[in-house]
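Student: The residues making up each chain are set out below.
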Amino acid sequence: MFANQLPSFLDQELQVANNLGIVPSSITDQQFDEIIAQGRVKWGINVTGKLLFIPEFFNSQEIYHTVLFQGNSVLAAGLADIVGIQGRYLLLWLSNYSGHYRPTAASLEFGKEAFQRAGIDISQADFEIFG
Amino acid sequence: MLQAPSQFSVNQWLQQDVDTLLTWIDQQRSLIDNSLSLSLIDGLILRVDYFLSERNYKLSSQWATLTFKLCDHLLQNDSCSDRDFLLIKVMMLRVRLIQTFGEQNNHPILDPNIIVQWFKQTCNLSLDEVCTMAKNWRNYPVEKIRRLRQLKNRLRVLVQLSQVSQSLAHFPDLEPWLTIQSQLP
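Line order of the protein sequences matches chains A and B. The opening residue of the first sequence carries number 1 in my numbering; numbering runs sequentially from there. The opening residue of the second sequence carries number 1001 in my numbering; numbering runs sequentially from there.
If you're looking for bench data, these hints aren't it; they were derived computationally from the structure. Warning: the hint list may mix true and false statements.
Said to hold, decoys possible - Once the Cα atoms are required to be at most 27 Å apart in a straight line, the calculated DSS-like pairs of lysine-lysine come out as:
(1) B:K1058 to B:K1069
(2) B:K1058 to A:K112
(3) B:K1069 to B:K1120
(4) A:K112 to B:K1089
(5) B:K1058 to B:K1089
(6) B:K1120 to B:K1089
Bound-form chain A, shown alone (with noise of 0.2 Å):
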C-alpha cells in the first residue's frame, strides 16, 4: 500500500475538485469516454482492487491521485493515455507516475492487471517506470 506523501495539501486539493465538480469514474460510467477524449488521465487502484479515473487537468486545473480515493492509500496508481469509446479501448502508455504517492515499479503490475480485467486492451501499450 502506498500512503499519500503530501496530506497537509488534502483539504485543498478535495476543494478545488469538489468545486469543479469532478468525479472519479469507473471503466463502466458514462463519463469515462469524455474523461478519456480530452487527454492522459490518473488512475489508482484501492485497498478493493476498484480501479478509478480522473482528468489530469480540467481546463487548466491540475487534479490530484488523491481525489480518486479521498486521500486513503492506494495499491497502485499512475498516469495513462487512452483511446477509444463504448467499451472497446485501446492503452497507449500506463505509468506509475504520482507525486503525491511515489507508488513502486512492481505497482505497474496492478496496474496492467487491473486494466486488462476492466477490458482495455494494453497488448500495444508502452509501459514507463519511474523511481
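Once you have looked at the hints, place chain B on chain A.
Tutor: This is chain B only, laid out in the frame that chain A set:
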C-alpha cells in the same frame, strides 16, 4: 543546513522559506532522486495554487520560480525519462498564473511566449501530416496514434492559454493547431 528531504517528510521540507529552498536546490540537488523530485514538484505546485487562490502575486511567483528551477534541474538529469508530462504540468501552471495575474511580455513567469516557444520546439509533426492522420487515425499503427495523443496533450496547454491570453493573436500559424486538437485521438 537543511537536510535532504529523503531524511524526513516532504511536507516538512515544503515548510521552509523560499530562499532557503532555492539555495538548497542549487547546492544539494544531486542528492534528490527523481521519484522524490516529482513528489516535491507536486508539493511546490500545490503551494503556488494555494497562493493563486489568494491572488497573492509575490508568494505565487516566488514558489513558481522554485518549481520551475527544480523542474529544470530534473529535466537536465539524463535519467528523467518522460520530460513531456513534466513540462505539460509546469506549462499548465504557467497558464494558471497568467490567468490570475495577466500576461506580461519578457516576464520570467507571465510571458505567454514561453509556452508558445515550448510548443513549437516540441512539435515534431507537420500540420499537413496531422490533418491527414486526424481524419482516419484509427487506421494508423499504434505508434502513430501515440504520437498524435502526445501532440493532443501538448496542444491542450495551448488551447487553455488561448482562453486566457490575447497573445496568440500574434501567432496566426497556431490557429489551425488549436482547431485540430479536439479531432486528435
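Student: Are the Cα positions of K112 (chain A) and K1089 (chain B) separated by 27 Å at most?
Tutor: Holds, at about 24 Å.
Student: Below or equal to 27 Å on CA atoms is what counts here, so check K1069 (chain B) against K1120 (chain B).
Tutor: holds, 22 Å
Student: Going straight from one Cα to the other, do K1058 (chain B) and K112 (chain A) come out at no more than 27 Å?
Tutor: violated, 44 Å
Student: Take the C-alpha atoms of K1120 (chain B) and K1089 (chain B), compute the straight-line distance between them, and say whether it is at most 27 Å.
Tutor: Distance of about 17 Å is within 27 Å: holds.
Student: Just to be careful, I want the Cα atoms of K1058 (chain B) and K1069 (chain B) compared with a cutoff of 27 Å; is the pair within it?
Tutor: Measuring from Cα to Cα gives roughly 17 Å; hence the hint holds.
Student: Holds or violated: K1058 (chain B) and K1089 (chain B), Cα atoms, limit 27 Å.
Tutor: holds, 21 Å
Comparing the model with each earlier hint shows a violation of hint 2 alone; every other hint is respected.
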